[in-house]
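Chains as they are written, first to last, in the working numbering: chain A, 1 to 347; chain B, 1001 to 1131.
A few of these clues could be false.
As the list claims (entries may be wrong) - If you want the footprint, here are the derived chain A segments under chain B, 3+ residues with CB under 8 angstroms: (1) 129-142; (2) 216-222; (3) 324-333.
To be verified - Just a sample of chain A residues kept apart from chain B, beta carbon distances all over 12 angstroms, derived: (4) Lys38; (5) Ser126; (6) Ser145; (7) Lys161; (8) Ser298; (9) Ile344.
The hints are simulated quantities; they were obtained by calculation from the structure and are not laboratory data.
If you're wondering where the values come from, they're calculated on a predicted model, not measured in any experiment.
Cβ coordinates follow ideal geometry from the N, Cα and C atoms, glycine included.
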Amino acid sequence: MRLNSLLIYFLISFLFGCSDNKIHHDKDFIFGTLIDIKIYGESKIHAEKVSNEIFNEFHRLHKLLHPWEQSLITDINNAIAKNKSIPIDNDEVISILIHAQYLETQTQTLFNPSIGKLIKLWGFHSNDHKQETIPIQKVIQKLVSSNPSMQSIQIKKGVLKSNNKDVQIDLGGYAKGYALDQAKKILANNNIENALINIGGNILAFGKHGERDWVVGIQNPRKPNVLATITLKPGWAIGTSGDYQRYIIVNNQRYSHLISPKTGYPSNNTQSATVLIPPSKGSGVLSDVFSKPLFIASKENKIKMANLLNIKQFLIIMDNGSILISESLNKKINWEDDIDKKNITIF
Amino acid sequence: MILIKKILQSSKSVKFGDWFVITLFCALIIISAKFLWSLPQGEYLEIYKNNKILATYSLNQEITKEINGTKGKTKIIINNGKVRFSSSPCPKKYCIHQGWINKANQTIVCIPNQISISIVGAKRGYDTINY
């Protein structure tokens, strides 16, 4: 009989082994947003270990880069506000800041992570966005004319100094993408071949979903469903800037968290801007950063900006619902049935 | 019931091999039940010609489609969630004999006319959402 029990036990475990999905799925809440990790085709133990390692890395970045909870960045900001220099004993943060300086120049300052004061003024330095008033125009103008820029920051021999004390660093448009790139390293180091990482909508396709590529649905900014689906080839990253996740509504008007550094006001000509970035070491960061200039630029400058930044695959939904899409993305996107094709302009 | 009673009564005469067979078959029944019930319903039908996607239709409609294959016309019927081949110029008509399919990832292939249909989707046709 003992042998029989053993046999039954063996068969039952075999049964569970069979019904087990090939995907290990894990979620956590970091960076004020949902993190969703799917690992395909690995043992449960290994997949769990790797996703925990990724979550731990994200917690570390959260504590390191947070724009308003105490972090190295808030320490830097406090020093800048007091017109003091501050030693930074952290090569990672130094290289992030230097990269952010470069990206600010590259995007003709439409990506400007030094406008923390403006973002705070609009009430986006909180997790609940409950601000019920819009800031006073004079205050906004004063902050804009103070001309905050990453270029004001100088780092020499590990000591940071800003010659503009209105600079306040907010890496909100960079950190999630950076986290994607870090996750990529962890997956590779652990010999994971297939995974899908989603950090609050910023997604990296690592390998494939077994035999097929990963498929991503793109959220419709004004409806509770997707507007299209798209296949993400191995190594590709996708990022969207939208006015529908973080915003305040004052007098029935929507003010998104995407504030134009040039006007100090939320950009209101766009519902969403999506970019797809081909595989590279820093594809995660670019998928996060490059959606911002496409969102914020004026309508006539959006396409110019895409060309300038060499973004071959983009999708922009304007405030009136009209759709601008690049030719190469249009070739591979699958629209949902409720999308009116007459609304689409191909570039 | 009688059979089970008989087996229990004569359990002394049930040998290891019998138990093995009984357990194996029980397990097989549970596995297939689990597998078949867990298959998600499909949402879309994809029609392929020579491995190239020809068309995608919603399964939630009643409609007959005619497809031109390499040998001639194939008729495909979509009927509220399920789909089948209804006529085909192929000699053996295997594709028609397959009957209705309605679950995600089910496929019927007609090799002579080089037409295949595949149900995709479950509820969501994607792995994650970009927002």
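Q: May I ask you to check that Ile344 (chain A) keeps its beta-carbon over 12 angstroms from the closest beta-carbon of chain B?
A: Non-interface label on Ile344 (chain A) holds, nearest chain B Cβ at 18 angstroms vs cutoff 12 angstroms.
Q | Assertion that Lys161 (chain A) lies outside the chain B interface [Cβ separation over 12 angstroms] | A | holds, 38 angstroms
Q.
Using Cβ atoms and 12 angstroms as the threshold, tell me whether Ser145 (chain A) really stays out of contact range of chain B.
A. holds, 34 angstroms
Q) So is Lys38 (chain A) really clear of chain B, every C-beta pair being over 12 angstroms apart? A) About 7 angstroms separates Lys38 (chain A) from the closest Cβ of chain B, which leaves it inside 12 angstroms; violated.
Q. So is Ser126 (chain A) really clear of chain B, every C-beta pair being over 12 angstroms apart?
A. holds, 20 angstroms
**Q.** Ser298 (chain A) and chain B, when compared Cβ to Cβ, separated by more than 12 angstroms
**A.** Label holds. Min Cβ-Cβ 24 angstroms, cutoff 12 angstroms.
Q. Are there at least three residues in the segment 129-142 of chain A whose beta carbon sits under 8 angstroms from a beta carbon of chain B?
A. violated (count 0)
Q. How about the segment 216-222 of chain A: do at least three of its residues have a C-beta closer than 8 angstroms to a C-beta of chain B?
A. holds (count 4)
Q: Between the segment 324-333 of chain A and chain B, see if three or more residues pass the 8 angstroms beta-carbon test, and mark the coverage as holds or violated.
A: Coverage by chain B is violated for the segment 324-333 of chain A (0 residues, Cβ < 8 angstroms).
Of the numbered hints stated above, those contradicted by the structure are hints 1, 3 and 4, listed in ascending order.
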